[in-house]
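Following the hints, put chain B in place on chain A, whose structure we already have.
One line per chain: the protein sequences are A and B, in this order.
For the first sequence, counting from 1, position 281 maps to 281 in our numbering; every step adds exactly one.
For the second sequence, counting from 1, position 289 maps to 289 in our numbering; every step adds exactly one.
Hint data in this document are derived by calculation from the structure and do not stem from the laboratory.
When chains are identical, the list treats them as one kind, so a pair holds in a single copy or across two.
Taking lysine to any residue pairs in the SDA-like style, the calculated list, with each CA pair at most 20 Å apart, reads:
| no. | residue 1 | residue 2 |
| --- | --- | --- |
| 1 | Lys344 | Trp243 |
| 2 | Lys344 | Gln244 |
| 3 | Lys308 | Glu290 |
| 4 | Lys344 | Arg288 |
| 5 | Lys376 | Glu394 |
| 6 | Lys344 | Thr384 |
2 protein chains.
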Amino acid sequence: MDRRTFASRISHRVAALLGATLASAALLAPTAQAAEPQPVLRGTGDLGIVIERAIGQVQIVDTTARSRIATVAGLGDLSHASAVFSRDGRYAYVFGRDGGLSKIDLLTATLVRRVVQAGNSIGGAISQDGRFVAAQNYEPGGVRIFDAQTLAPVADIPARYGDAGQTSKVVGLADAPGVGFVFSLFEAGEIWVADLSADPAHPTITRYTGIGKQPYDGLITPDGRYYLAGLFGEDGLAMLDLWQPERGVRKVLAGYGRGEEPLPVYKMPHLRGWAMADGRLYLPAIGRHEVLVVDTRTWQEVGRIAVKGQPVFVMARPDGREIWVNFAHPDNSHVQVIDTLTQKITHNLEPGKVVLHMEFTPRGEAVWISARDDNKVVVMDTRTHRPITELPAESPSGILFTVRAGRTGF
Amino acid sequence: MDRRTFASRISHRVAALLGATLASAALLAPTAQAAEPQPVLRGTGDLGIVIERAIGQVQIVDTTARSRIATVAGLGDLSHASAVFSRDGRYAYVFGRDGGLSKIDLLTATLVRRVVQAGNSIGGAISQDGRFVAAQNYEPGGVRIFDAQTLAPVADIPARYGDAGQTSKVVGLADAPGVGFVFSLFEAGEIWVADLSADPAHPTITRYTGIGKQPYDGLITPDGRYYLAGLFGEDGLAMLDLWQPERGVRKVLAGYGRGEEPLPVYKMPHLRGWAMADGRLYLPAIGRHEVLVVDTRTWQEVGRIAVKGQPVFVMARPDGREIWVNFAHPDNSHVQVIDTLTQKITHNLEPGKVVLHMEFTPRGEAVWISARDDNKVVVMDTRTHRPITELPAESPSGILFTVRAGRTGF
Chain A
1 MDRRTFASRI SHRVAALLGA TLASAALLAP TAQAAEPQPV LRGTGDLGIV IERAIGQVQI
61 VDTTARSRIA TVAGLGDLSH ASAVFSRDGR YAYVFGRDGG LSKIDLLTAT LVRRVVQAGN
121 SIGGAISQDG RFVAAQNYEP GGVRIFDAQT LAPVADIPAR YGDAGQTSKV VGLADAPGVG
181 FVFSLFEAGE IWVADLSADP AHPTITRYTG IGKQPYDGLI TPDGRYYLAG LFGEDGLAML
241 DLWQPERGVR KVLAGYGRGE EPLPVYKMPH LRGWAMADGR LYLPAIGRHE VLVVDTRTWQ
301 EVGRIAVKGQ PVFVMARPDG REIWVNFAHP DNSHVQVIDT LTQKITHNLE PGKVVLHMEF
361 TPRGEAVWIS ARDDNKVVVM DTRTHRPITE LPAESPSGIL FTVRAGRTGF
Chain B
1 MDRRTFASRI SHRVAALLGA TLASAALLAP TAQAAEPQPV LRGTGDLGIV IERAIGQVQI
61 VDTTARSRIA TVAGLGDLSH ASAVFSRDGR YAYVFGRDGG LSKIDLLTAT LVRRVVQAGN
121 SIGGAISQDG RFVAAQNYEP GGVRIFDAQT LAPVADIPAR YGDAGQTSKV VGLADAPGVG
181 FVFSLFEAGE IWVADLSADP AHPTITRYTG IGKQPYDGLI TPDGRYYLAG LFGEDGLAML
241 DLWQPERGVR KVLAGYGRGE EPLPVYKMPH LRGWAMADGR LYLPAIGRHE VLVVDTRTWQ
301 EVGRIAVKGQ PVFVMARPDG REIWVNFAHP DNSHVQVIDT LTQKITHNLE PGKVVLHMEF
361 TPRGEAVWIS ARDDNKVVVM DTRTHRPITE LPAESPSGIL FTVRAGRTGF
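Excised from the complex, chain A in its bound form (with noise of 0.2 Å):
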């Protein structure tokens, strides 16, 4: 199997990464005003977005009522989308599949503001002072830094790279604390890290070159130190210690990856989705029914535990003491727990039809799940392992909350 065939039976993200036909878009073109704001007068620390992928519109939730408030249309394409959300926590930004970057109001449930800013473009971060959004972009690549409040563009990035200046395609952007943000260049095998300490209409960049074939997307761990892209070329991960940027990218994890015959792919697993518990790594192994566990000190694999399928979200519940499961087709229908002192599965659960993701509220008494073909988002009791309720929902996908406004890597 070549890596074409190869890739045309993976996911639609790894897909597009390797040249999809894109369409181009009108930058930075404003689409929508703020409709006159209602005044809610209520805490945002318990609400959050559930994105319904097939129509373009996200639906404001509570999680202490554990019921939807509102909902917000016109965002375009979301069959991809993910959000991060403002310093205090009013505002969601949601990333769409077509480039789009909206600001979305969760108090007067309205689009305060819409750009396209891309032709394609698979999410973004927010920096660790809430003032600048970046979007990291696959046409025309590079990445695209806006104010926060205004969303009027501050820097733009190209991801030029090799003699003809060539532009690389952009993934596993993440916010760096004290620094900016950090991310991978798909073709030209490169993780930069953007400062915009001194100037952020002018960023320092640094570039770390030769670290591997095809990052594919990456992550930095819950305290801002540890950079891993995942690379799609080669097994193993590159690593760089933002601590100790001087030592440069290394690779680590040598056994993981696709192997000498690789398995196929139904859906790339997701490397945010990674889960930190008592200093070791859980993360999704491609293709085969397994999480792997790490440990951080050493970056050594200590472990793998077999599950259901090919895991997607291998996701930590915030105490630590359990890592929750979602897989790939055909399995997607199910979620397992692990207990993290055993590293033994506790649960089998089937919340759904097509778990496409799965939320903690902030300190983790519930997890919704979101069950795109059951149209629903069902909450449940993370010490019982029962639906608490249910939630319709058009073909939900992400659910994010605006605890992540307070977290490193979210």
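Okay, now just chain B, sitting in the frame of chain A:
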């Protein structure tokens, strides 16, 4: 030096524990009604309070604008006050030294309700799901649990022990994920776990007896797994693994304490200030000019860092890269910064006169420091270690931000 003489030289906190005369007070007497809320449409994720200890007042502050929004007065004796936040980030529950429990609306800047729930109190906690606020009391001892919304009493847990049914002062109260609350009994030398999951009005109590002499404070690790009580009557700490409670309480860090020849202690360190970073716990030595470094996998001491004075708060910057330390008299106008990579002091700061507390912004780009005798709060940039701005405040002590609502043990 006998124990009483020793006690007279340490903080009022432990002095009170050892038997100060305490005034009785009315229980559960509501003393204020909410003013009509004014619509202030804003997120609550960047709000916080500054306790103005001398005048029974709190400031409401905005960590984005770095400004004071409003003040709320009439909170009683705030000489040793602490606070927790509602799940939505809108309300602060302030525990006063006089047993007062005050619920403050941060959006309307009003005192919603105030109950004097005990004669003498030293703090409290809020349950994982945000439904219950618990106060730990010296007089009459025990723990009282309230409905977080109404402050109506839910449960009363008298701390009775021994054959004669004496009551004990309660210290080190913390929220325990999935269960309820955990706390220590000073005179009894016990740790109790109160499980509210079946019937909040009748918590199931598990008692651990003979855990050591005179537990004077406690903490729960950020993941909610380990509960530790500092012992005043002997060296070492009592530890309960809440993931494996059947193992009981064991003694750790036998070298931690006053030792054979105790030094005068000018202010007891706060155990809640202990800092976790990179799998290590940094904790204030008692009486010594040292910060201890503990490996949390083995619970062995792995290092000691010499510092300016007797440490009080030892706090990790949210990214774990730095530990900030303040000190007891006569070094209480100094702050030192330890680099967790090298374990060396990198900065000696003097932000103001009599530094009582420090609070990091949610993702740690800044730290707010209260300088009591300069009547100001200093906001510092944690990257440059320079002041950004100052805010006037009347004898400020505790600074607490709403991000605590989403974290265990805060």
